[in-house]
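J.: In case you want the letters, here they are:
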Amino acid sequence: MKPEKGIKPKIGVLTCSDRASQGVYEDVSGKAIIATLREYLVTDWEAVYRLVPDDQESVEKALKQLADEEECSLIVTTGGTGPALRDITPEATEAVCTKMLPGFGEQMRAVSLQYVPTAILSRQTAGVRGKTLIINLPGKPKSIRECLDAVFPAVPYCVDLIGGAYLETNEAVIKAFRPKV
Amino acid sequence: MKPEKGIKPKIGVLTCSDRASQGVYEDVSGKAIIATLREYLVTDWEAVYRLVPDDQESVEKALKQLADEEECSLIVTTGGTGPALRDITPEATEAVCTKMLPGFGEQMRAVSLQYVPTAILSRQTAGVRGKTLIINLPGKPKSIRECLDAVFPAVPYCVDLIGGAYLETNEAVIKAFRPKV
Amino acid sequence: MKPEKGIKPKIGVLTCSDRASQGVYEDVSGKAIIATLREYLVTDWEAVYRLVPDDQESVEKALKQLADEEECSLIVTTGGTGPALRDITPEATEAVCTKMLPGFGEQMRAVSLQYVPTAILSRQTAGVRGKTLIINLPGKPKSIRECLDAVFPAVPYCVDLIGGAYLETNEAVIKAFRPKV
Numbered sequence: 347m348k349p350e351k352g353i354k355p356k357i358g359v360l361t362c363s364d365r366a367s368q369g370v371y372e373d374v375s376g377k378a379i380i381a382t383l384r385e386y387l388v389t390d391w392e393a394v395y396r397l398v399p400d401d402q403e404s405v406e407k408a409l410k411q412l413a414d415e416e417e418c419s420l421i422v423t424t425g426g427t428g429p430a431l432r433d434i435t436p437e438a439t440e441a442v443c444t445k446m447l448p449g450f451g452e453q454m455r456a457v458s459l460q461y462v463p464t465a466i467l468s469r470q471t472a473g474v475r476g477k478t479l480i481i482n483l484p485g486k487p488k489s490i491r492e493c494l495d496a497v498f499p500a501v502p503y504c505v506d507l508i509g510g511a512y513l514e515t516n517e518a519v520i521k522a523f524r525p526k527v
Numbered sequence: 347m348k349p350e351k352g353i354k355p356k357i358g359v360l361t362c363s364d365r366a367s368q369g370v371y372e373d374v375s376g377k378a379i380i381a382t383l384r385e386y387l388v389t390d391w392e393a394v395y396r397l398v399p400d401d402q403e404s405v406e407k408a409l410k411q412l413a414d415e416e417e418c419s420l421i422v423t424t425g426g427t428g429p430a431l432r433d434i435t436p437e438a439t440e441a442v443c444t445k446m447l448p449g450f451g452e453q454m455r456a457v458s459l460q461y462v463p464t465a466i467l468s469r470q471t472a473g474v475r476g477k478t479l480i481i482n483l484p485g486k487p488k489s490i491r492e493c494l495d496a497v498f499p500a501v502p503y504c505v506d507l508i509g510g511a512y513l514e515t516n517e518a519v520i521k522a523f524r525p526k527v
Numbered sequence: 347m348k349p350e351k352g353i354k355p356k357i358g359v360l361t362c363s364d365r366a367s368q369g370v371y372e373d374v375s376g377k378a379i380i381a382t383l384r385e386y387l388v389t390d391w392e393a394v395y396r397l398v399p400d401d402q403e404s405v406e407k408a409l410k411q412l413a414d415e416e417e418c419s420l421i422v423t424t425g426g427t428g429p430a431l432r433d434i435t436p437e438a439t440e441a442v443c444t445k446m447l448p449g450f451g452e453q454m455r456a457v458s459l460q461y462v463p464t465a466i467l468s469r470q471t472a473g474v475r476g477k478t479l480i481i482n483l484p485g486k487p488k489s490i491r492e493c494l495d496a497v498f499p500a501v502p503y504c505v506d507l508i509g510g511a512y513l514e515t516n517e518a519v520i521k522a523f524r525p526k527v
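Residue numbers (my numbering), protein chains in the order written: chain A, 347 to 527; chain B, 347 to 527; chain C, 347 to 527.
It is possible that part of the hints are untrue.
Identical chains share a label here; the pair holds if one copy fits it or two copies do between them.
What the hints assert, rightly or not - Using 27 Å as the maximum straight-line C-alpha spacing, the simulated DSS-like pairs for lysine-lysine come out as follows:
| # | residue 1 | residue 2 |
| --- | --- | --- |
| 1 | 526 | 377 |
| 2 | 407 | 521 |
| 3 | 521 | 410 |
| 4 | 354 | 477 |
| 5 | 407 | 526 |
| 6 | 486 | 521 |
| 7 | 488 | 526 |
| 8 | 486 | 526 |
| 9 | 410 | 526 |
Hint data in this document are derived by calculation from the structure and do not stem from the laboratory.
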C-alpha cells in the first residue's frame, strides 16, 4: 500500500526492562534501535517509544496499544528474550499475535551464533497482529544491530503483505527486497 | 514397510489458493510438484490432487480427507505460507497433525535464504498425521523445487518410520537416505 | 550462583526407550552421556540416572521428579525425538517446561545435517522448568556427542541465568562461554 498523503508511518520501539523502567540505568537499547531505523529508512516516519518492566501483562498491553491505537506498522522490542524467570517478551509477543513468523528468530540466532555460542539462549521471535509486524530483538546494543541488519531486508515487503505502511530504505545502508510478482 | 503387491502408494498434492481455486489463473504450482515427484520416484505411485481456497476449514478438511480416506503416505501442500491474512496453511497443518517436525521448515527457509532475504517470511512447516507425512511448500514454482530438493532425501525414511508406503527414489535425480540401524 | 560448600550439583540423565527399559538391549546412550559430561566438567557433580519407556506420562513424571525432587540443574534426555508414534520426548519436555529454548533444537539439527540429511526428522528441543535446564538429545551415541559438543558451550551460562548450580568446564575439552555483563 502506497502511503496516504500527509500520514507518517509509525514505528513502535518497546523496551522491556525492569531496571531501565525503574531508572536504575538509562535505556541505551531503545535509543540504539531508533538511531538504526533512522539510518535505514528514507521514508519519513514517527517513532512511538515505550518503556515497560518485564512483566507479561505490561508487555502485552504496550504491544496491543502500539498496534491497535497507535496503528504502528512495525513494533521492535528489546530485552526480555533470555531464559531467566523475568524474560517474558516472546511469550507476550506470541499472546498478542495471530500469526507467528519463526524464520525471524531462526535467522537472528544463526547470525548471533557467529559471534557468541550463547546465541542459542535467545528466544526472540516475530509475529503479526492485524497490520502490525512485531519483532523481538535482544537487549544488548551490539546484538541489536547484528540482528536488525540480518532481518530488515525482508521487513518492508512483510509490512506490504499485511497491509501496513510503505517503507523505503536507504539502499546505501540496507537494501529492502521486494520480489517482482 | 515393503509395499503390498498391487497397491500403489498415494501422494496427495494440495494447492491452497483463492485465485487458482476461482479459476483466475491456472495452478502451475500443483502441476510442478507432481512433475518433480515423478522425476524423483521410481516407485509407481498415484497422485491425488486437490485445489482449495485459502480458508482454514477447507484446507484442514482436504488434509484430513487425503490422510484418512485416501490413505496418502505423503501430502505436499503449496501456497498459503506467507504472513498475509489469508495465509493459513501452516495453521491448518498444525491443527490436523499429532506431531510437528520443525526441522523441515528450518531447512527450507535456510535454503531459500541463499536466494532471497524474504525467505524468513515463509512459515512453512511439516508434521505427521497417523501414517501420513504432511509438508508445506511455498507457492512459487522456483522455490518449490529448491525446497523439495533440500528435504526430500529425508522423506522416504520418515515415511518408513510412521508406517507409510516404501518409496524408492531415482538416485540419479535425488538420493534418499535410510540410516543402517 | 557460586556453589554452596559441600553441595554437589546434580545432573539428571534420562533415557527414554521402550526396548532398553524392557532389558531388550543395554542403554549405551545414557552411559555415553554420563561419560561425555565427566569429560566436560571439572566441577564435581552427581549423576542421577533414570530409564523409562517411551510413554509421555512416564517421561513427564521422571522429568518432574529429577527437576523438583532431585533438584538437578541440568537434565539431559536421550531417545524418543523422532517422528514415530512412540517418540514423545519433545512433547513431554514441552509439557513440563515453563519456557522453551528453540535455539537448542535448531543448532543441534543444523550440526547433525552436516552428517545426515535425516537430521531434519529430529524434533529435539530444550526448555526450562524452575531452576532446571532440560535438553533433549537423539538416541544414537554418535549423534549424542555431536549435539552436546554443539550446544554445551552455552549450558553453564544458561544454568547461571535460571539460578542453578555453577558449572565449570575443562577448557581443554570444551570451552563454556559466559558473557561479561
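J.: Give a verdict on every hint.
T.: Status of each hint after checking the structure:
1. For a Cα distance limit of 27 Å, the shortest separation of residue 526 from residue 377 across copies, 22 Å, qualifies, whereas the shortest one inside one copy, 34 Å, does not.
2. In this assembly of identical chains, residue 407 and residue 521 lie within 27 Å of each other by CA distance neither inside one copy nor across copies; the values are 33 Å within and 41 Å between.
3. In this homomeric assembly, residue 521 and residue 410 never come within 27 Å of each other (Cα to Cα): the closest approach is 29 Å inside a single copy and 42 Å across copies.
4. Taking the shortest alpha-carbon separations for residue 354 and residue 477, only the intra-copy value of 15 Å comes in at or below 27 Å, while the best inter-copy value is 46 Å.
5. Taking the shortest alpha-carbon separations for residue 407 and residue 526, neither the intra-copy value of 37 Å nor the inter-copy value of 32 Å comes in at or below 27 Å.
6. For the identical chains of this complex, residue 486 and residue 521 are neighbours both inside a copy (24 Å) and across copies (22 Å), given an alpha-carbon limit of 27 Å.
7. In this assembly of identical chains, residue 488 and residue 526 lie within 27 Å of each other by CA distance solely across copies; the values are 13 Å between and 33 Å within a copy.
8. Taking the closest pair of Cα atoms, residue 486 and residue 526 come within 27 Å of each other only across two copies (12 Å); inside a single copy the shortest separation is 36 Å, beyond that limit.
9. In the homo-oligomer, the alpha carbons of residue 410 and residue 526 never lie at most 27 Å apart, since the shortest distance is 32 Å inside one protomer and 34 Å across protomers.
Checked against the numbered hints given earlier, this structure breaks hints 2, 3, 5 and 9; the rest are met.
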